[in-house]
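Using the sequences plus the hints, can you model the full thing?
Each chain, written out:
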Amino acid sequence: MTSRLLEPLAAALLAAGPGYLPERASSVAESVDRVFGFIFWLSLFFLALILALTALFVVRYRARPGRTEPEPSPSHHSRLELLWSGIPLALVMVVFAVSTVAWLGMIEPEAGKDPLRVQVTGRKWSWWFDHPGGQGAAELHLVAGRPTELVLASTDVIHSLYLPDFRLKQDAVPGRFTRMAFTPILAGTFPIYCAEYCGTDHSRMTASAVVHPDQASYDAWARQGAAEALSLLDLGRKVAAAKGCLACHSLDGAPRVGPSFKGLWGREEKLADGTSVRVDENYLRESVLKPGAKVVAGFANVMPPVPLEEREMQGFIAFLQTLGNAP
Amino acid sequence: MTDRTAPTAGPPGAGHRPHALPARVLLGTAAALFVLTAATVATSRVEMGAFNVVAALSIAGLKASLVALFFMHLRYQGRFKAVVFATSVFFAVLLVGFVVFDTTQYQPDIRAQAARTRAKR
Amino acid sequence: MSTPSGGEAARGVAPRPRFLAEHFESMGAQLDTSTMGIWLFLASEVLFFGGLFTAYGVYRANHPELFRYAQYFLDWRLGALNTLALIASSLSAAWSVRCAQLGQRKGLLAALAVTFALAGVFMGVKYLEYSHKLHHGVAWGASYRASEEILRSLPEAVRGLPVPDHMGTFFSVYYLMTGLHGIHVLVGMGLYLWLIRRARLGHFGPGYYGPVDAVALYWHLVDMIWIFLFPLFYLV
Amino acid sequence: MTTAAAGTAQGPAAESYLHHGRGLRSWLFTVDHKRIGIMYLALIAAALFLGGVFAMVLRMNLWWHGGGLVSNDAYNKLFTLHGAVMVFLFVIPGIPAALGNFVLPLQLGAKDVAFPRVNLLSFWLYSLGSALFVAVLVVGGVDTGWTLYPPYSLEGARGLGILLALAALFVVGFSSILTGLNFIATIHTMRPPGMGWFGLPLFLWALYATGIIQIVATPVLGITAAMGFLERLFHLGLFMPEYGGDPVLFQHFFWFYSHPAVYIMILPAMGIVSEVVSVFSRKPIFGYRFIAMSSIAIAVIGFFVWGHHMFVSGQSKWASLVFSFLTMLVAVPSAIKTFNWLATMYKGAIVLKTPMIYVLSFFAIFGIGGLTGLFLGSLATDIPLHDTYFVVAHFHFVMVGSVLTAFLAGLHYWWPKMTGRMYGETTGRLSALLVLVGFNVTFIPQFFAGVAGMPRRYATYAAVFQTNNRVSTVGSFILAAGLCLAVGGLLASLARGRRAPANPWGAASLEWSAASPPSHHNFDRTPTAGDPYDFSGLRLVSEEAGYVRAAGEAP
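Protein chains in written order, with my numbering: chain A, 685 to 1011; chain B, 43 to 163; chain C, 373 to 608; chain D, 365 to 919.
Worth double-checking, as some hints may not be accurate.
Pair by pair, the computed Cβ-Cβ distance ranges are [what the hints assert, rightly or not]:
# : chain 1 : residue 1 : chain 2 : residue 2 : range
1 : A       : L955      : D       : G523      : 19 to 29 Å
2 : A       : L955      : C       : E520      : 30 to 40 Å
3 : C       : W566      : D       : V502      : 55 to 65 Å
Some, not all, of what chain B presents toward chain D, calculated at C-beta under 10 Å [stated by the list, open to error]:
#  : residue
4  : Y118
5  : F122
6  : V126
7  : S130
8  : F133
9  : A134
10 : L137
11 : V141
12 : T146
13 : Q147
14 : Y148
15 : D151
Quick look at which bits of chain C chain B covers, simulated, 3 or more residues with Cβ under 8 Å [said to hold, decoys possible]:
#  : region
16 : 421 to 431
17 : 455 to 466
Read the hints as simulated data drawn from the structure, not as lab findings.
Ideal placement from N, C-alpha and C gives every residue a C-beta, glycine not left out.
Here you go:
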C-alpha cells in the first residue's frame, strides 16, 4: 500500500522538479543545475525515507485490539543518535562544498578576456541598459560566448535583476553599485524580471535579454540603434518605448499610472494643486526632467526624472504631437 | 516586578538574612571607576590613531565589568545570571562585528556611486 | 532551588508575609525569581542598545573623517561631568540596596534621594547640551544646518578642514543613542520616585528589598551604557 | 469563550478557572495565566481569520495571469497585510502565547507564571499592537511587503500607514520579549520538587529555547522599527541613501531578528510534536536529551544565519560564505529531532486521534519545508531561487504548514484541559486530512513555479505559470475548508461536547493531573513530578473517566 502511494508522488516530483528548470542560457547555468540536481535527489531520498518510515510505523504499530501496549524498546541509544546526527552533518557539508564551488564561478568574471560591460539602471518600473559605445536600450543586448559584466545601479528603490534562464540574480541598490559577471552561451531572447518588490508595477517591470549569435550581429544592432540614423519622429517613438514611458502612459487613451499620451498635446490639464496648465513644449520638457513640478490631478507623484538628450527631447515632443490634439 | 496581591498584612518576612556588600567594596569600586574615567580622558588626549578607539573601548569594558561584578553583585550571584548577561553581550558583539565587517567590504561600491553622482552635478 | 513543599500547611501557623505574591511559596523564592526576571530584562536591553551600537559602528567604520570632525561639536567636559554624576549615582544606588538589606531606613531614604538627585543633574546637563546644539542648528540627519556662530567656535585647526558629507548622520546617531539613554534615565528617575515613596511607607527591609535591588540593577545598566557612550562620542 | 457550567463530576472539585470571577472585567484584568492564554487564543484566531481572508483574495486574484479581481496597488497592500498579520499576530505568538501560557505553569505544577502581571501587560501590548495593525488597514494599508525594506518602505509618499505599522511592530515585539522573559524565569525558578532539568516536558524545553530567542533577537526588531519610524519622520540618514544612509544595514537588522523569529515559530511547534508523538505512541520519547539539546542548538545556531536572506542583496561575498556554511549546520538538529520522533513511534502502540494525525501531517510538511531549505541555504541554488515562488512555498511549508499543523495538534490535544469538553473525533480527523491535502495542493505547485522563474510578490504574471497558480488557488480553498471545519468542530464541542476527564489521553506530564478545566489555583496541592514520559502506570478506566494511575504504582 505504501509503494502504491509513494510511486506516483515520486514520479510526479521527478517530472516536475529538475524538469521544471528553464533553459540553460549562461555559462553558470549548468553548474547551478548540477548542484540543484544533487540537492534535489538528496532531499527526495530523505523525504521518501521519512514518509515511508512514518507510514510503515503507523500501519505496523497502530494500536488495535491485541496491541494496546507498546513493545519494549530502548528509550535512547546514543550511538544511533550520533549516527543520525553525523550523517546529516556530513551531507550538508558536502552540499555546502559543492554549492560553494559552483557559486565562486558565478561571482568572479572570467579573467583575461575583453568583457562586454553594460551599465544597468533600475527605476520604477523599467530597466535601462547602457551598452558600451553609448547605445541605451530597454533591452539587454549580449553576444553569445562573450564574457559580460553588468554594473547595476538604481535611481529610486531596491530592484533586482533576475534572469531565470541565466540562473542569475542581483539586487540593484540605490546609493551604490553591484555587479554580475557571466557569459551567455545561447542565442535567443530571454525574459528579465524584477525580483525585489518595488511598488505598483513591480510585476510589470520586465525586459528581455537579447543574446546575439555573434559579435557581427551585435554590432549591426548597435549601429542601427544609433540616434543620428533616425528621423526625429522615429527617434521620439523609440525614446517613448525605450525609456520606459509606455509602462505608465498608454497610447490608447486609458489612464494608467500616469495620464495617457493620446490626446495629451495641447490639452488643458488640471493640476493637483488646483491650478491648470496647457500641455505645450515647455510643460512637457519640465515634466520629463522634473516630473514632480506640476503633477496632474488624480495621479500620484511617482515618475522618476528622465534625462533626455536635446534631440531625443525634440523627437519625443514631435511624437506626442502625432498622437492627436485634445478635442 | 513583584506582586503584592496577598492581602494579609504583616511585617516584612523574617528569617531571610540577605548578604549585604561591605561598604569598602562599594566605595572601592566607585573610586576605581572615577580613576578609570580620568584615565580614559587622558588616553584620548594622546594621538594614537585607530588605537585610540581600542583604548577607549578597553577602558570602558573594564569599567563596565567593575559595575557588573560589584555594583550589580554578579560576582556573588548564581552563575546563571552571569551567563544570561554574557550571552546578551556576546550576541550584541556578534551583531556589531558582523554588520560592520560586511558594510566595510562593500564601501568601495558606495564611494564609486557617490563620486559619479557628484561628477554629474 | 529549594521550594519547601506543603507551604499551604504553614498558612495556618505563621501569617503570610505582606508582599509575598500568591503564587510563591516563600520570600526567598520570590526574590530569586524577580532577580532572574530583571537580569533577563537587562539582557534584552543590551540587545536593544546593540542595534544602535551597530549603527554607530557602521557609520564610524565607513566615515571615520566624519566622526573625527563632528566630535568637536561636543564638549568633553560636560560629558565627563555626566559620567561622574552617573558613577556617583550608581554608587548610591548600590548603597541603597545595602541599606535596605541591613534595615537602615534613614540611610535607604538618603541613598535613594541622592540617586534621584544625581540623575537629575545628568538630565540637566543633557538639557543644556541638547538645547545649545539645537539652537545652533546642529540637528539630526537632513535637518542639520550648523550656524555660523558655532562653526566659528570650533578649534582653529578644525575650522580649516573640509566639512565632510552627511554631518547630519553623525548627529542622528548621537541623538538616537544619547536620547534613548536619556529616556532610560527618565524612566529610572520615575522608578526612584516610586521607591522613595514606598521606602517612606516603610515597605523595605531585610526581608523584602526586591524592588530596590531590581531598580538598582536597571540603574547600573543605564550607567554601564553611558560608560561606553561617553568615550565613543566625546573622546575618540 | 465561556462554556456551560463545567463542575467536574469527580468529587467536590474547586470551581473551574472559567467560573472564578464573572464578567468582561474579570477576564481583561485577570492575572490568571489560563485566562490570558484563552484571550490570546481568541485574538490569535481572529488574526488567523483576517490573514486568511487576505490570502484568499490574493489567491483568487492570481487565478488569472493578468490579475483581474483587484488593482495592482490593492494586491500589493493585501500581500503586505497578509504577511504582517500572519507573521506577527499569528505565527510568532500562536503557540507560545496562547498554548504556552495555558500549559507552561500547569506542566510545572505551579500556580502561575513567574510574573503574572507582566504576563497581562504582555497580552495588552499584543492587543494594542493588533489594534495598530487594524488601524493600518483603516488608514488605507501599506504596500511595503512585511519585510519593510527601505528605501521603498520609507519613501516620502508613504503616509500614516507605515508609521502605524512600525509602531505596531515595536509594541508587538515588546509583548513577545515579555512573554519569553516570563517563561524563562518561570522554568528556572518554579520547577516543582522532583523535577530536574532533564525531567522537564519537552514542550517546556522548546519554550525555553524560544524564550532565549525572544529575549535576544526581538529587541533588535524593536530598535529597528524605532529607527525606521524616526527615519521616516526626521530623515535621519540611517537607511535612506538620499540622506547618506545604507539600505542594506536595515536588512541586516531585520534578519538578525526575523531569521531567529522563524525558530520562535518552529521550536514550540516541535515541542508540541514531541509531546503528542510520545503520548499517542504510548511510549517514552526516544532520545530525550538529544531532542532537548537540539532545541537549544537550533536557538543558538539560528542567530548565526541571518545573512542567508541577503545572498543577492549586495552583501559581501565573505559574509555570504560564512552565512551559507552556518545555515547548513541548522539542518542537523532538525534532522536529529525528526529521526528521534520516528524512533519514538517504532514499536509503539500508535493511537490515531486527531492530534496525532496533525503530527503525522507535520512530519510530511516539515520534511518538505526543511529539505527545500537546503536549496536556499546553498549559495549556487539560492541565487536563481531567491525571491521566487520557491521561497514563498518553502517558508509557507516551514512557518505556516508546520506551525499550523503543530498548533492544531496542540489545540486539540489540550482542548479538553482548556475547556473541559471533548471535541468530536470524526470532525477533527477529517479536518486534519483536509488541512494536509489542501496545504500541499496549495503550495507544492508554487515550488515548481519558482524553479521555472516566477518571482514573488507579483500581482500579474507570465501566462506560462497560470496552471500552477490555478491548482494553488484550488488548494487554498481546500485548506480553508479544513480550517473552518477544525474551528467549527472545536466550537461545537463547547456546547455539545462530552465532559472531559482529567486525563483523556493517558499522558504523564503534570497538567493532566489537574482537573479539566483546572481550578483557579491549578492544583489543590503542589504535585510531585515524575517522569513526564512514563505511561506505564496509566490505565484507561473508561472513555468518560479517562486514564487513572493504577493504585500502588508510584507516580
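Going through the hints against the structure:
no., hint, verdict
1, A:L955 to D:G523: 19 to 29 Å, "holds (20 Å)"
2, A:L955 to C:E520: 30 to 40 Å, "holds (39 Å)"
3, C:W566 to D:V502: 55 to 65 Å, "violated (37 Å)"
4, Y118, "violated (18 Å)"
5, F122, "holds (7 Å)"
6, V126, "holds (8 Å)"
7, S130, "holds (6 Å)"
8, F133, "holds (5 Å)"
9, A134, "holds (9 Å)"
10, L137, "holds (6 Å)"
11, V141, "holds (5 Å)"
12, T146, "holds (8 Å)"
13, Q147, "holds (3 Å)"
14, Y148, "holds (5 Å)"
15, D151, "holds (7 Å)"
16, 421 to 431, "holds (count 7)"
17, 455 to 466, "holds (count 8)"
Checked against the numbered hints above, the structure violates hints 3 and 4; every other hint is satisfied.
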